[in-house]
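Chemist: Sequence:
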Amino acid sequence: MSLSEPQAGTPPPVRDPLALVSVHDLMPATMPAVRRTLALLERYAVQPVTLLVVPGTGWDARGIDELRALQRAGYVLAGHGWQHRAERIRGVRHRLHSLFLSRNVAEHLALDANGILALMRRCREWFERQDLTPPTLYVPPAWALGPVSAQALRQADLFRQVEVFSAVLDTASGRHAASPVLGYEADAALRVSVLRLWNALGRRRAAAAGALRIGIHPYDIEHPLRRDLIADLHHYRGFADYGALLSAPLPTAASGTASHTAQHTS
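Everything in the sequence shown is counted per this note's numbering, starting at 1 for the first residue and increasing by one.
What the hints contain is simulated information worked out from the structure, not anything from laboratory work. Beta carbons are placed, not taken as given, at the ideal position from N, Cα and C, and that holds for glycine. Do not rely on the hints blindly, as some may be mistaken.
[Stated by the list, open to error] Label-pair ranges, simulated between beta-carbon atoms:
no. : residue 1 : residue 2 : range
1   : 71        : 122       : 19 to 29 Å
2   : 72        : 188       : 29 to 39 Å
3   : 130       : 42        : 31 to 41 Å
4   : 222       : 125       : 29 to 39 Å
5   : 66        : 43        : 11 to 21 Å
6   : 61        : 201       : 38 to 48 Å
7   : 74        : 188       : 33 to 43 Å
8   : 198       : 16        : 29 to 39 Å
9   : 122       : 62        : 18 to 28 Å
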């Protein structure tokens, strides 16, 4: 037997989890903060990085040129809702979600299934009209997908992957690649302790899941959890893009409707 071969009964080596890094909420108003965030990620040699673009927020020709330049530089663009703002609060569940979790950004929760698919289609077509590479990933604002089924997403065939709070859905197969998400949007004192506890649990779950998602909002590097974010970027160096989840032998969440996994957010 080769010296490199494990002996019988030896547990397999522990593999570091894949780290999927995304920057949320690209809009004209947030681009100065996004540039500062990307500079920090470049300083720590973090790549690939997925950028979540909100189309319906007043992009002009100069802004579109910047998005094209980011794509040419190797950044991956993803769809992220339309306006990142709910036009209305629909029902008690949405009201509670808005009050405790998402504030007023979970625009999918104000819509029915047809409205959600129409919003997602509008998002994808915007990229095509701007001569940007159409995204394969869609992330609903606040990770709140709303009442649309995995079957409806598969039939619509708009995005290959949809990221919700607990997992990333492969719309072609219906497979949910479970992976904890770490967040750093501690823009209020209460969020600091809550997010630190949440992230500690996520780090413990990451090894078993085989992947984790590091979700960065534009102003996170100016908030109290900046050092936590940098520590995670130092620790988790197995950076990958979301496409790695399509074939990776990762544990999967229970199948079912996509909306079941979509009603939570950090």
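Chemist: All the hints need checking, so say for each whether the structure fits it.
Modeler: For each hint, the structure was consulted:
1. 71 / 122: 19 to 29 Å: Because 20 Å falls inside the window, the suggested range holds.
2. 72 / 188: 29 to 39 Å: Since the Cβ atoms of residue 72 and residue 188 sit about 37 Å apart, the hinted range of 29 to 39 Å holds.
3. 130 / 42: 31 to 41 Å: violated, 24 Å
4. 222 / 125: 29 to 39 Å: holds, 34 Å
5. 66 / 43: 11 to 21 Å: holds, 20 Å
6. 61 / 201: 38 to 48 Å: holds, 44 Å
7. 74 / 188: 33 to 43 Å: holds, 34 Å
8. 198 / 16: 29 to 39 Å: violated, 21 Å
9. 122 / 62: 18 to 28 Å: Because 22 Å falls inside the window, the suggested range holds.
Taken one by one, the earlier hints fail for this structure at numbers 3, 8, listed in ascending order.
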